[in-house]
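Numbering of the sequence shown is given in the working numbering, commencing with residue 615 and proceeding in unit increments.
Calculated from the structure, these hints are not laboratory results. Keep in mind that this is a model prediction, so the values were computed, not measured. Among the clues, some could well be false.
[As the list claims (entries may be wrong)] As a list, the in silico SDA-like pairs of lysine to any residue whose alpha-carbon atoms are at most 25 Å apart: (1) 682 x 617; (2) 752 x 731; (3) 712 x 735; (4) 712 x 728; (5) 682 x 706; (6) 682 x 728; (7) 752 x 708; (8) 682 x 618; (9) 682 x 780.
[To be verified] Here are the in silico distance ranges between beta carbons for each label pair: (10) 688 x 708: 44 to 54 Å; (11) 718 x 654: 34 to 44 Å; (12) 633 x 747: 25 to 35 Å.
Glycine included, each C-beta is placed from N, C-alpha and C at the ideal position.
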Amino acid sequence: MSDTTQRTATIAVLVENEAGVLARVIGLFSGRGYNIESLTVAPVDAERRLSRITVVTTGTDMIIEQIKAQLDRLVPVHMVADLSLEGPHLTRELALVKVIGRGEARMEALRLGDAFRARVVDASHESATFEMTGTADKIDAFVALMRPLGLAEVSRTGAVAIARGPRSLAA
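Work the whole structure out from these sequences, hints included.
Encoded structure:
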C-alpha cells in the first residue's frame, strides 16, 4: 500500500469505564482532524470497570498508526487493536428502519424485510418498523430498497466488531 492510499480501519479500544474517557477519545480525533465514520461504546466488564470502544475511521497507514499510538498513550486506555489488520474479524450493526405505506408498497416492504432477514418489531396498517443486524453494506442495501416504498426513518448503532477464533482483546 502506498503512503497516500486510504484504508478503513476498525479499531477496538479497551478503556476504564469512567466519566470523561469517551470525551478524551473523541477529542483526540477532532483535535487532529481525523474522521470518525462510526463510534460505539458500552461497558463490557463490570467487575474490572472496563468499557469497549469500537471506532471505524479512514486514513493512510501512517495516519492510522498515529491514531493507534495516540489512543494507546491516553491514561485510561488498557489496549488498542486494529482489527482490520490483525486477522479475520466480525463486524455488525443494528438498525431500526421505519417504512410508512399502505397496500402494495407495504406488502413489498414486508417481503423485502423477510428476504433480508429483518424482523418486524412494530407494525400498524400504515407502517412497519424492522430490526436488522448485519454488515454496513447489507443495511445500506436494505435502506436503499425501502426508499421508494416509504422509508420514513432510520436509526443505526454503528459498528461493533470482534476478532474471529481464539484471539481476544483483554487487558
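- request: Hint says 34 to 44 Å; check whether the CB-CB distance for residue 718 and residue 654 agrees.
  value: holds (37 Å)
- request: Below or equal to 25 Å on CA atoms is what counts here, so check residue 682 against residue 618.
  value: holds (18 Å)
message: For residue 712 and residue 728, compute the direct alpha-carbon distance and say whether it is at most 25 Å.
response: holds (15 Å)
field: 25 Å Cα cutoff - pair residue 682, residue 706
entry: holds (22 Å)
task: Verify the proposed pairing of residue 682 with residue 728, using a straight-line Cα cut of 25 Å.
output: violated (40 Å)
- prompt: Does residue 735 lie within 25 Å of residue 712 when you go C-alpha to C-alpha?
  reply: Within the cut-off at roughly 10 Å; holds.
task: Using the Cβ atoms, figure out if residue 633 sits within 25 to 35 Å of residue 747.
output: Given range 25 to 35 Å: holds, Cβ gap about 30 Å.
message: Hinted pair, alpha-carbon criterion (25 Å max): residue 682, residue 617. Please report holds or violated.
response: holds (17 Å)
Pair hint outcome, residue 682 versus residue 780 [Cα-Cα no greater than 25 Å]: It holds: about 22 Å lies between the C-alpha atoms, which stays within 25 Å.
query: Is the Cα-Cα distance between residue 752 and residue 731 25 Å or less?
result: holds (11 Å)
query: Given the proposed pairing of residue 752 with residue 708, does the C-alpha separation stay at or below 25 Å?
result: holds (11 Å)
query: Is 44 to 54 Å a correct range for the gap between the Cβ atoms of residue 688 and residue 708?
result: Since the Cβ atoms of residue 688 and residue 708 sit about 27 Å apart, the hinted range of 44 to 54 Å is violated.
In this structure, the earlier hints numbered 6 and 10 are contradicted, and the remaining ones agree with it.
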